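J.: Here are the chains, one letter per residue:
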Amino acid sequence: MRKHLLTAMTALALSTLAYGQSDMEKGINKYREMLADGNPAELFEMNGEELWKTARGPKNATLEKCDLGKGPGVVKGAFVELPRFFADTGRVQDLESRLLTCMETLQGFNAAELAKVKYNKGEMANIRDIATYVAGQSKGMRFAVPQNHASEKTMYEVGKRLFFARGGTHDFACATCHGEDGKRIRLQGVPNLTKNPGDGIGFAAWPAYRVGNGQMWTMQKRLNDCYRQQRFPEPKYGSDATVALGVYMGVNAKGAESIAPAIKR
Amino acid sequence: MGNPMRIRAKSANGETTVRVLMSHRMEGGQRKDANGKPIPAHHINTVTAKHNGKVVLSADWGPAVSQNPYLAFSFKGGAKGETVEINWVDNKGDSRTDTATIS
Chain A
1 MRKHLLTAMT ALALSTLAYG QSDMEKGINK YREMLADGNP AELFEMNGEE
51 LWKTARGPKN ATLEKCDLGK GPGVVKGAFV ELPRFFADTG RVQDLESRLL
101 TCMETLQGFN AAELAKVKYN KGEMANIRDI ATYVAGQSKG MRFAVPQNHA
151 SEKTMYEVGK RLFFARGGTH DFACATCHGE DGKRIRLQGV PNLTKNPGDG
201 IGFAAWPAYR VGNGQMWTMQ KRLNDCYRQQ RFPEPKYGSD ATVALGVYMG
251 VNAKGAESIA PAIKR
Chain B
1 MGNPMRIRAK SANGETTVRV LMSHRMEGGQ RKDANGKPIP AHHINTVTAK
51 HNGKVVLSAD WGPAVSQNPY LAFSFKGGAK GETVEINWVD NKGDSRTDTA
101 TIS
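For the record, the sequence lines run as chains A and B. Counting from 1, one number per residue, gives the positions in the first sequence under our numbering. Counting from 1, one number per residue, gives the positions in the second sequence under our numbering.
Be aware that a few hints might be false.
[Claimed, not checked] Mimicking BS3-like on lysine-lysine, the simulated pairs with C-alpha atoms at most 30 Å apart in a straight line are:
| no. | chain 1 | residue 1 | chain 2 | residue 2 |
| --- | --- | --- | --- | --- |
| 1 | A | LYS53 | A | LYS76 |
| 2 | B | LYS32 | A | LYS121 |
| 3 | A | LYS116 | B | LYS37 |
| 4 | B | LYS32 | A | LYS76 |
| 5 | A | LYS116 | B | LYS80 |
| 6 | B | LYS80 | A | LYS76 |
| 7 | A | LYS264 | B | LYS32 |
| 8 | A | LYS121 | A | LYS65 |
| 9 | A | LYS76 | A | LYS254 |
| 10 | A | LYS26 | A | LYS254 |
| 11 | A | LYS264 | B | LYS10 |
| 12 | B | LYS37 | A | LYS118 |
| 13 | A | LYS254 | A | LYS30 |
| 14 | A | LYS59 | A | LYS116 |
| 15 | A | LYS153 | A | LYS121 |
| 16 | A | LYS30 | B | LYS10 |
| 17 | A | LYS65 | A | LYS236 |
[Claimed, not checked] So these bits of chain B aren't anywhere near chain A, every CB distance computed over 10 Å:
| no. | residue |
| --- | --- |
| 18 | MET1 |
| 19 | ASN3 |
| 20 | GLU15 |
| 21 | LEU21 |
| 22 | ARG31 |
| 23 | ALA34 |
| 24 | ALA41 |
| 25 | LEU57 |
| 26 | SER58 |
| 27 | ASP60 |
| 28 | SER66 |
| 29 | GLN67 |
| 30 | GLU82 |
| 31 | GLY93 |
| 32 | ALA100 |
[As the list claims (entries may be wrong)] Chain A is faced by these chain B residues, among others (derived, beta-carbon under 10 Å):
| no. | residue |
| --- | --- |
| 33 | MET5 |
| 34 | TYR70 |
| 35 | ALA72 |
Because the hints were derived from the structure by calculation, they are not lab data. For clarity, every value in this text was computed on a predicted model and none was experimentally measured. Heads up, the beta-carbon is just placed ideally off N, CA and C, and yes, glycines get one too.
Given the sequences, and given the hints that come with them, work out the whole structure.
T.: Set out below in structure tokens:
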């Protein structure tokens with residue numbers, strides 16, 4: 001834990017130096033470093049680990065045989081290789097859509113019903129905690145989202161198209177805020193996600209605990225909120241569109257160190 | 001019985017440093033919900049830390065402490081392998097006790 005904390009802090013410090021820091025950004029990063037010890041995300045991680053190992057659902061089974069891409073039950077290192085293609089479902093899936101699959105096939109839940117549950121409530125809160133646990137098992141590792149299968153390559157291109165597609169009431173695209181270096185929204189710098197933004201930034205910084213509203217946010221929630229901020233229609237949980245964006249950002253972030261679960265203001 | 005705490009205790013140079021992350025809503029009691037009804041206060045009132053059965057820290061908390069409180073403190077003594085016990089009691093009478101081994 002300590003080693004990872006030091007690595008994360010160094011990574012944060014180094015990456016922010018490369019970023020071209022304003023005093024305000026330096027202040028925010030110092031605040032984040034102070035918060036990093038005792039990150040409430042650990043509480044969600046602990047719960048997620050317990051859920052992973054607890055027999056649940058109509059089939060009363062654990063998730064310990066869930067294949068996250070590195071073989072059944074292999075959790076360590078799985079997060080930094082997602083999203084990826086899965087032969088059993090014939091789809092490219094991210095962490096959360098893959099958890100839905102495992103919860104259905106192994107535990108007997110209805111994935112379609114789970115996807116409709118409001119975030120932070122009921123089973124969605126459990127999925128959030130399990131996702132936080134799985135992500136934490138790759139903490140400090142570097143992203144290596146695969147581009148071997150044809151579907152993975154296609155999804156990258158789809159993600160890229162979606163990233164730049166302008167729409168909604170404000171004619172925004174992801175690229176409007178995340179398409180260039182040095183952009184900010186009010187006093188918060190936003191990373192350029194068309195390339196590798198650095199260790200622990202952007203794609204490499206989620207799931208994260210947000211101190212401001214005391215909530216643990218997964219990547220799906222982050223994307224959902226991005227679309228809300230752009231005044232787009234709400235994306236379906238675990239939809240191909242959100243997975244494609246994950247592939248685009250994840251491949252762009254190749255080699256960046258994952259600091260998940262991180263902490264945000 | 002509340003949610004589990006995360007406790008880490010490390011001993012160095014005759015002093016033990018303890019870091020605790022507690023899981024608690026810490027609802028102050030001043031907020032109102034979407035319908036305008038006040039959300040009742042639900043927060044930790046007392047925290048007690050023990051080492052080998054002896055109290056090394058006691059605290060009186062209230063609505064001013066934020067959600068999922070993080071507490072770090074140190075005390076003289078403590079050796080690797082010994083236990084530290086943290087207990088909290090909230091205003092609804094709920095309580096939680098967790099122990100950790102000093103590393």
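J.: Hint by hint, note whether the structure agrees.
T.: Hints, one by one, checked against the model:
no. : hint                     : in the structure
1   : LYS53(A) with LYS76(A)   : holds, 15 Å
2   : LYS32(B) with LYS121(A)  : holds, 20 Å
3   : LYS116(A) with LYS37(B)  : holds, 28 Å
4   : LYS32(B) with LYS76(A)   : violated, 42 Å
5   : LYS116(A) with LYS80(B)  : violated, 49 Å
6   : LYS80(B) with LYS76(A)   : holds, 29 Å
7   : LYS264(A) with LYS32(B)  : holds, 25 Å
8   : LYS121(A) with LYS65(A)  : holds, 25 Å
9   : LYS76(A) with LYS254(A)  : holds, 18 Å
10  : LYS26(A) with LYS254(A)  : holds, 25 Å
11  : LYS264(A) with LYS10(B)  : holds, 27 Å
12  : LYS37(B) with LYS118(A)  : holds, 22 Å
13  : LYS254(A) with LYS30(A)  : holds, 26 Å
14  : LYS59(A) with LYS116(A)  : holds, 21 Å
15  : LYS153(A) with LYS121(A) : violated, 34 Å
16  : LYS30(A) with LYS10(B)   : holds, 25 Å
17  : LYS65(A) with LYS236(A)  : holds, 26 Å
18  : MET1                     : holds, 14 Å
19  : ASN3                     : violated, 7 Å
20  : GLU15                    : holds, 17 Å
21  : LEU21                    : violated, 5 Å
22  : ARG31                    : holds, 12 Å
23  : ALA34                    : holds, 14 Å
24  : ALA41                    : holds, 16 Å
25  : LEU57                    : holds, 16 Å
26  : SER58                    : holds, 20 Å
27  : ASP60                    : holds, 21 Å
28  : SER66                    : violated, 8 Å
29  : GLN67                    : violated, 5 Å
30  : GLU82                    : holds, 20 Å
31  : GLY93                    : holds, 22 Å
32  : ALA100                   : holds, 13 Å
33  : MET5                     : holds, 8 Å
34  : TYR70                    : holds, 3 Å
35  : ALA72                    : holds, 7 Å
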